[in-house]
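Taken in order, these protein sequences are the chains called L and V. Counting in our numbering, the final residue of the first sequence is number 235, and the numbers go up one at a time with none missing. Counting in our numbering, the final residue of the second sequence is number 828, and the numbers go up one at a time with none missing.
Worth flagging that the hints you see were computed from the coordinates, not collected in a lab. Since the structure is predicted, the reported quantities are computational estimates derived from the model, not experimental observations. For every residue, glycine included, the Cβ atom is placed at its ideal position computed from N, Cα and C. Fair warning: there could be bad hints in the mix.
Stated by the list, open to error - Have a look at the derived ranges for each label pair, beta carbon to beta carbon: (1) L:A178 <-> V:H742: 32 to 42 Å; (2) V:R16 <-> L:K123: 43 to 53 Å; (3) L:A128 <-> V:R16: 27 to 37 Å; (4) L:D186 <-> V:R12: 25 to 35 Å; (5) V:I700 <-> L:K18: 38 to 48 Å.
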Amino acid sequence: MTTPEVHIKATNLAKSVKVADGSLTILHDISLTINRGESVAIVGASGSGKSTLLSLLAGLDTPSEGEVFLGRHPLHNLSEDKRAGIRAAEVGFVFQSFLLLPSLTALENVTLPAELAGIKDAKARGAALLQQVGLAARADFFPSQLSGGEQQRVAIARAFITQPAVLFADEPSANLDAQTGQKVEDLLFKLNKEQGTTLILVTHNAELAARCQRQYRMQAGRFVNKDNEGLADVG
Amino acid sequence: MLVNIAWRLFWRELHRGELWVIGFALFLAVGSVVSLSGITQSVNSALKQRSAQFSAADRVLRSSQPFDSEVITQAVAQNLKVSRQMQFDSMLFAGDKMQLATIKAVDDSYPLRGELQLNRSSVAGVGDAISTQPGEVYFEARLFDLLNLQVGDKVELGMSRLTVAGVITQEPDAPLSVFGGAPRVLMHLDDVAATEIVQPGSRIAYRYLFAGTEQQLSQFEELMQPQLNAHQRWQKLDNQSAIGGALQRAERFLLLSGLLGIVLAACAAAVAASRYSQRHTQSVAVIKALGATTRQIRLIYGGHLLLVVAFSLVCGIIAGQLAIEAAQFGIQYYLGDFRSAFSWRPIWLGSLTCLICAILFAARPMWRLAGTAAIEVLKNTTLKLELDKLQLLTGALAIWALMWLFSGEFLLSVGLFLLCALFAALLMSVAALLVKLAKPVAAGQSSARRLALANLRRRLWANSFQLITFSLAIFLTLLLYFLRAELIGQWQQQIPEGAPNQFLVNIAEPQRAVLNQFAAEHDLVTGQYYPVVRGRLVSVNDEQLQQEATKEQRSEQRVGIGRELNLTWLAQLPDNNQVVSGTWFDAKSSAQVSVESEIAQRLDIKLGDTLAFSIGGQQLSATVSSIRKVDWNSLQPNFYMILSPDVLADFPATYITAFYLQPEQNLLLNQLARLMPTVTVISVDNIIQQVNSIISQVTIALSFILLIICCAAALVLVAQVQATLEQREQELAILRTLGARHAFLRNALLLEFSLLGGLAGLFATVLAESMLFIVQQRAFDLPFTLHYTLWWLGPVLGIVLVTTLGWLQLKRLMRIPGAVLIRRVLQS
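Using the sequences provided together with the hints, build the complete structure.
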């Protein structure tokens, strides 16, 4: 049996923000290790700090304390633009509120990250992905012309176009009805499996979290699993 | 790839509004600067050309030394047209009669500008454009009578005998003074040597006349300047006329108004750019999360601004040039031989304005946009219409830079800017105070009114800013409207319909009756007769004067004009005169004199001083009883010295009067000349016509600026309302969810805009009245009057404008069904 390759490693992460009367620590002493190809859920109630943790792991933000490595990249030490470069090459996102660019069509939204990364066959890749998510016929539609579920499927296609090594999904089905949400989740896990992507999913939906191999449970900015890094559940 | 993304986003964003507002604002700025600068330049150049017509050349070099062939050679080398003339006073002899005359000897090229009209008869009137030939002389009409000569007779000048060929009808560079000196004679330059008048030490004025393009002339002037000797100097073109004064005022006014329009347009651009940036904050965060760097974002959104700037610049320059062409066509239509020339100045001025507006007003929000952090993608950021301090600073800097650019005066621009800043601060404080005070007022009002007031209060900061820009927009519209009306009124007053266009000079006492009869026969209305006695001012308080004070000194001592003053006596103060100190004569006044203020200042004459005059060898004195300010721009006889009626009553006087002659009655001038050959007729018809044509040009330009200001003002309002669209959409959705009815929301919205508009209108009125006071007093030298219309027009205009524009933009939002609105807000 081969030793799994560590993909994301965080050590003693903390995040504080300035407030009117001093500073507020919203993340305390977080350490975790995620292996390549793993699917991990970060669960917790609203305001527990899971989205903040996601932003640090994805390199959207930097920690106030501690270290976070994505592969060999020390995200905690890199500038915004360096982190942007890493995101372009290795990271995909799916957001709760889809966050498609309203002035671009479905296909253009999908191809955007590939174009930013300078990938030549962006259009062909985008069309293929839209086919995969079942929206080939809606390629020229603008987000306002698509339903919530369709928008999220476009967002998933957009997340996979650069064939990222890691995919971060922030409450991907929270804004959708149960049936549509289920379809979107299926699609997410299917593509994840096909592309062998590491998946980090932030959710307060226990059912969705259960579909991941591991879960981290958060409360008030801390992990509540045993040893602060415990395996809550193996899915 | 990046270019594709930028272009795609740009293209799709075009229909969203803000880019059009930015583009249209910049287009307005460029278009107005190009056209205003170009039109002003054209009108100025028309004025110069008109002046050139009255100087018979574009440039005149005067010298007391004989002609220098080197000057001619250099001028010819610059491809300039050159003409030479000499002028001197000499006696003319005809039989036993003799007369001192001012002789002007000209060459074949004379005049280079304007028209010389001569008539081969002894009667002045309508002449032909013919030139002088060697061996001939042309006389001013009165000389025929004074020397008792007919056309074809010989006259002796120095050692020569010349043939009298006719009368001078129109001499382009004759002195403009209503009271010429000695009678004028025109001869050919080739005949001067034979007269042997020119001897060493003779007082001869030599003049070189030049004509060419402005560029050739400037080059030549630059070349000549260091070479000029003590005897040579450039003659200034006559710009001190009524036209010159009116145009100077017009130019200042055009630039001032233009600048105001540009500032408004720039404000609209800034607001639109801010809104554009705010609306794209989330998109940028998404693009950044997807891996874009700050530089890439800057390229994408900077590219948008660049495209808008380029498009606006090109369209603005084209529109501006078209306006210039139209204006030049108009000038040409009115002034005939106007030579228009293409100039780069309006274009670079327009481009510079566009860049200043774009970089300092619109670029800052775009720059901020690129700085959006990727983390924002996870935050549910709400739209905020917050003022960025740095943007305020750069915007203020841009306004000052534009003020400096247009005024060309550092101190003036700083002063004007500080004044504006003070106004803005004051307005903001008052606005904030009023909006805060709205809270207690709101209690006890109907719920729609309460909601309107609550809306105003809640967006306190944004509303204060809106109030300022609305006020500014309405203020400028009002200011321009009222100033335009006043300026035009003032100009028209200066030359009212039927103003005298013919001046009769040298009327002897017995001729008054003849003239009155002639006038009665032809339905002409002659004005007041001003008696004139020529005399010298010899001393002030027994202190002998070194230099005689003459009216002609004021306009650079024209060659050939006598040094005597025209003295008059009047019981009534003339209309265009104003006593600034002392009192005007009364029935008991004896041996008193009223002195014009400028000459009083120059000669240090004060009230109570005793002035001594020498008239025909007799001396008389008078005490200064008043100092008068004279409107030299009025086309009326003006006098430096007016004596009390008792002083000059015993001296033989000639008279001046004026009347209005309709164009079709022009031939009456010939009859008049035949009837009274010694009377000189000076026609100012051409001048009046030109002034009128320029006034109509400037009036059109002013209306054009008013239109620009109105457009810019509307643009500011549109941009401001657009900036709050998303926020309003959210609020409407919430209120609809809570069950608010359509009529309730509509009333609240209309009330909110009416309050804002009314308040802005009131501020604008106060500002406009204050500014009118300052401008009337300082810039245009007009008396101040309160503008009653302004006080109701301002607030009403504010309410109507703001409410209409606000409603037009928001009615679409109001009509969206509640369910759709709520869904849209939830999705965004």
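* Could you say whether the range 43 to 53 Å given as a hint is met by the Cβ separation of V:R16 and L:K123? => Once the Cβ atoms are compared, 25 Å apart, the range 43 to 53 Å for L:K123 and V:R16 is violated.
* Look at the Cβ atoms of L:A128 and V:R16 and judge whether their distance stays inside 27 to 37 Å. => holds (31 Å)
* **Whether the CB-CB distance between L:A178 and V:H742 falls inside 32 to 42 Å** => holds (35 Å)
* To do: Could you tell me whether the CB distance from V:I700 to L:K18 stays inside 38 to 48 Å?
  => Violated: the Cβ-Cβ distance is about 59 Å, outside 38 to 48 Å.
* Asked: Do the beta carbons of L:D186 and V:R12 sit within 25 to 35 Å of each other?
  -> holds (32 Å)
Hint compliance for this structure: hints 2 and 5 are not met, and every other hint is.
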